[in-house]
Amino acid sequence: MANKKKTPGKAVLVLGSGYGALKIVEDVAQSAIPVVWVTRSQHFLELPGGIEGFKEWPEDLNFQFRPLYLRVTRHPLVTSLTRSRIKSLKKNENGFKAVVEQFPMYIDYDLCTGCGRCMEVCPLNESDHPPISRTPAYCPSRALELDKRSISSCRESCPLGVNVQAYMALTAAGRFKEALAVIREDNPLPGVCGRICHHPCEASCRRSELDQPLAIRDIKRFLFDYEASEGPPEFRMPERKEFSQKVAVIGSGPSGLTAAYFLHRAGYKVTVFESFPEAGGMLRAGINAFRLSRKVLDAEIKALIDQGVKIETNTTIHSLVNLFNKGFKAVLLATGTHSDLSLNIPGEDLEGILPCVKFLTGVNTEGIGEVGARTVIIGGGNSSMDAARTALRLGSENVTVLAIEKEDEMPASPREVGEASEEGVWFRLGAAPIAFEGDGKVERVVCRPAHWEFPKSGPPQIVYDSEETFTIEADTVIIAIGQKPHLDQSGLDKQVETGAGGRLVVDNKLGTSRKGVFAAGDVVTGPSTVVESMAVGRRAASEIISYLTGKPSQYKKISSSTRGVGDYVEISEDVPKQPRQEMPQRQPIARRRDFMEVDLGFTTEQAMEEARRCLQCGSCCECRICETECADIGAIDHFRTGKSIKLESPAIIVANEEELPEEALEFGENIYRAENYGDADDLMDVLVAGSATAGQIMAQAAQIRSSSIPVESNVRSWPDETRLGFFLCTCNSTMAPQGALERIRDLAKAVPGIDHSELIVSACHPKGADRIAQVMREKKLSRVIMASCVCCPLEFQCISCNDQRNRARIHLFERHDLERSRFEMINLRDHLLSGDQTEDEIVERARDLLRAAFIRSNFMGPLRQGITEIGKQILVLGGSEVGASCAKNLALQGFKVKLVDKCWASGSELPESIRKRKAQHGLDRSITYIEEAEIREIRGHIGNFRVSAQAGGSRRVWNTDIICLTDENILPMAIHEDMMGLKKFYRYNFAFFHTPQVGLYRVLSRTLNRVSAYEAGAALAAELATAAAEAFLKDHQLSPRVDPERCRGCGRCVEICPFDAVRLVANDKGVYTSEVLHYNCVGCGGCVGRCPVTAMDMPYFSNQLLEEIVRGTLAGER
Amino acid sequence: MERVNLLGICCNWSPFACYNAAGMARMKLPPNFRLIRVMCIGRINQALILRAFEFGADGVILLECKDEDCRYGPGPEVGHTNVEKVRKLIHLLGIGQDRLVERSFAAHEKEELVKALWNFAGQIEALGTNPAKPRQERAAS
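Going line by line, the protein sequences match chains A and B.
Counting along the first sequence from 1, when you hit position 366 you're at 366 in my numbering, and nothing is skipped either side.
Convert by adding 10000 to the 1-based position in the second sequence; the result is the number in my numbering.
Hints were generated in silico from the structure; no laboratory data involved.
Hints may contain errors.
[Claimed, not checked] Here are the simulated DSS-like cross-link-like pairs (lysine-lysine), alpha carbons at most 25 Å apart as the crow flies:
1) B:LYS10110 - A:LYS55
2) A:LYS406 - A:LYS456
3) A:LYS55 - B:LYS10088
4) A:LYS90 - A:LYS456
5) A:LYS780 - A:LYS749
6) A:LYS577 - A:LYS557
Whenever a hint applies, use it, and build me the whole structure from the sequences.
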């Protein structure tokens, strides 16, 4: 809540949304009992059970309920929790113990100003399923909502957790640079991964349920190439704290580079050591230029160096101790696997037989490599394809790949196999080499049909299928059956523990046997993929940071449940089937001639078209651009977590059966139900039943009632020394263009008598109120004009009000305890812009709108007159079933009740039906019971009623604070006949129990068509309790005053007032003058308008003020 | 065409909700229309309406709630009485009773409100400036 109130430990728990629940919460809270209102719905007025409304559903219903909604949801005793559920519920001696869980509020309802900037920047705003939306009309708030579902599967399956959905969304919107920035958040090598990543994201793409997965990798490639074509790469570096600690990374492959990047980002001084003349590790040595262009690789590495990552090439590290001696605090070994495995078969040492990595490294790093006319590659992995295609490009006429696996079993990616095949590589599959033959130089490979078998334990075994052998002629043989670490070459293998295959042994924090030495990438796992190596590198960076800082590692693998609420967006039937885009490629015949890239990349149109195919599974793509846009307000936080609240509740009210946990069904007692919408005829049914439920629960929960009479504080005397300030809310820069706002501010500054004028970010944000309060203090301002969307400073909500407006006032007047009467508030927000005006027109419009406010500021005066405490005595006239039920309920709640069973007004008879009615004997002893009375007169007002009666043969006068009439025959005692039919009195504010006069209650017989007499009594009790428990009256300057000099006692004011707030009093000469009873007055001014001689006026809103405003408004025109 | 001064006196409840909603929906209002807001149309006495004409209004429109919607009860009734009386007076004064318009709206009728304001503007423009204005003022406007 805006005033950040504490959740009460004890409160009545209300479950479910809807109008009935709203009424219940209002009654219970108004009767000073704390409420925790919990619903699964997004809003409190969402109707439960899929009901959309009743037959009679007035079009302006939303407006009519706004004041009530605002009053209730921001009530100091109400903790309102939407998107929440009961996590556990247990019965105890005091009722229930509950734990309530609220889903994360990614947009904070209490902070959102509704400026809408997040919507404007959201890449999905124009899509079929925009994740950010306005609250529905029935919720009087401008706040926005974010629909964030589970993390999409593409992102979950990416070892680096790259936010695929976000860069798809941004690409589809043509926002390529922002898309690339999203990738770089998690992946420092987008150009490399855009080309050679094995894209597990595509394998998990949900679009394959419909047609084909998205070409995610190709889009990434496009984004990188697009940026490269535009200029130097842009990195979004978060604010970086520089540490003095140095970290060494040995090896500049994908793992080492990624670790270095993330360590650097965290603020460490990182040096990467590389033994080759150029950085890149296996990316450079093992992967060919026709798959990964050197230009791209160089650019990526240069970008990292430009960011501040230091890379020392031609440097082989032989001693870890030396590194520590040089001041490095931690070392990461990411040296990869650069030694080839050998076959260990006869003839392997013949000339012309080359190990794959050695061959590729030679070609890729030094441009050295020769092959004969006939080349045989042994192995079915990606390296083998690389070697085969390299051999073609080096001029080999006949290239054959020999592999044990069948085509669909080969570890190489099908795309690689396909491209190799297109270029003319032959495949001899399902056979293993058993020997090489030749005379000093290899001439043929002897093969034998075979397949792999995978025993339950141990390494896979080659199983030969037959005794027969065959041979393949070869001038060159390249053995590409796998790699292992080459630490033995530098001697590092003696300095840390190694295990199987010479790989490094690490613990679960990637630490090696030596303190401060970590290892990541292929040197630990054996050959893997680029993205997996990078992921381990990233994790290693996190573990090293944890090691250096002593804090736990921040690394967390992202999963679908990491954030978000609910399942993926359904695949709509309206989504057309559309195959994926294919990148153009050079023709095989041309590409086998050189080492230029095979793929040509998407065009801009293709990339956007492809990205538009994305189904945006998680709704919100979490690009977090909105979060940046909302930085000043801070309402949006994608990492916000849910919260959990514990409370004790004497009883539970259920407004939506589905929200009650199943285990609660057995509890039985102390669980009350609001009207079921399905059973109700109209909204009035629901509301009356709501009050009835509230009454029943009050009897249960009276012991947790808290009541305190507000203290008037900080009231300064009027008139004052006028020091006027002007504050203009910019509504987070959306009120008007900045230039216009500054001109309006300066315009105000130039008004004579103004002492301060400034722009504030947002009036409804805590910061805005803080700023106003601060300036008022510093500059000793006594009056303030606040131009925002807030229309008035008064202590009530009208049907135009919304949560933001209400909140602004709560911050200023409740949190900062400033005086309402010192403020004039004017709604510029809604009326400043009506289309495409010029700045001049906007300023002119503001001048117009502000004129009245400036006039008003001269007429300010006190608003509150005081607070009067009232007692808690209740008199119930009429002992019908309703009256008795009401009296019993109130007695249970601890109020002092007097019940007059059978009563009649003077001059009338007791009706036969009442005379025959059984007397209400045996009521609670705390109830004062009077059997019969003739009521002569009811006078006074709430807190001070005087009832004259004739009872038990003597005249009695009863003083009481609240009166309630429950028998039809005495209704006319308090209510003017013509007021009984006042249509839609208070609209929906329940003509059933209220009368126009405050403190005087009644039951209309039509109420009994809706609820039972017992329930009606409880409902009546609830309404009475709201007045009695509050126990004070606020008196305000909105009530009219009468000028006795002018009043001629015509009585028109008395006639027009429905509230019994004006009466005529005679002076000692018998001259009548009217008098306003401010306890009853609601401040509408009907009497002022009706007075034919302008004898009546309202201090706060005077005739003179109105005239001045009319004069000023029209003067501006001339 | 002469530029006329249009003044709206608006009840804080239904019509003001319409007015705010129209503003939020960026609906265009007559450019020479000015609005002042009061708690309830019943708050306005006859003097104030006459003052508006005295201060140079060429047309005055009272924007009020539907009779049965009044939050307080007596507002529209007071409004009707006052309009009736003031009409007679401005007729006698030679201002012409068509220059005072009274319209009522439910809270959701923003389109109706905007339409009524344009109609009002058209009506007053057709009548021209208020003949009770001093001659030099009429010449200036």
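Taking the hints in turn, this is what the structure says about them:
With a CA separation close to 23 Å, the supplied pair LYS10110 (chain B) and LYS55 (chain A) stays within the 25 Å bound. Of the supplied pair hints, the one linking LYS406 (chain A) and LYS456 (chain A) holds, its CA atoms being roughly 21 Å apart against a limit of 25 Å. The suggested pairing of LYS55 (chain A) with LYS10088 (chain B) is violated, with an alpha-carbon distance near 44 Å, which exceeds 25 Å. Distance hint between LYS90 (chain A) and LYS456 (chain A) is unfulfilled; the C-alpha atoms sit about 50 Å from each other, more than 25 Å.
Between the alpha carbons of LYS780 (chain A) and LYS749 (chain A) the distance comes to roughly 16 Å, so the proposed pair stays at or under 25 Å and holds. Distance restraint check for LYS577 (chain A) and LYS557 (chain A): the Cα-Cα separation of roughly 33 Å exceeds the 25 Å cut-off, and the hinted pair is therefore not satisfied.
The structure does not agree with the numbered hints 3, 4, 6 stated previously, though it agrees with the rest.
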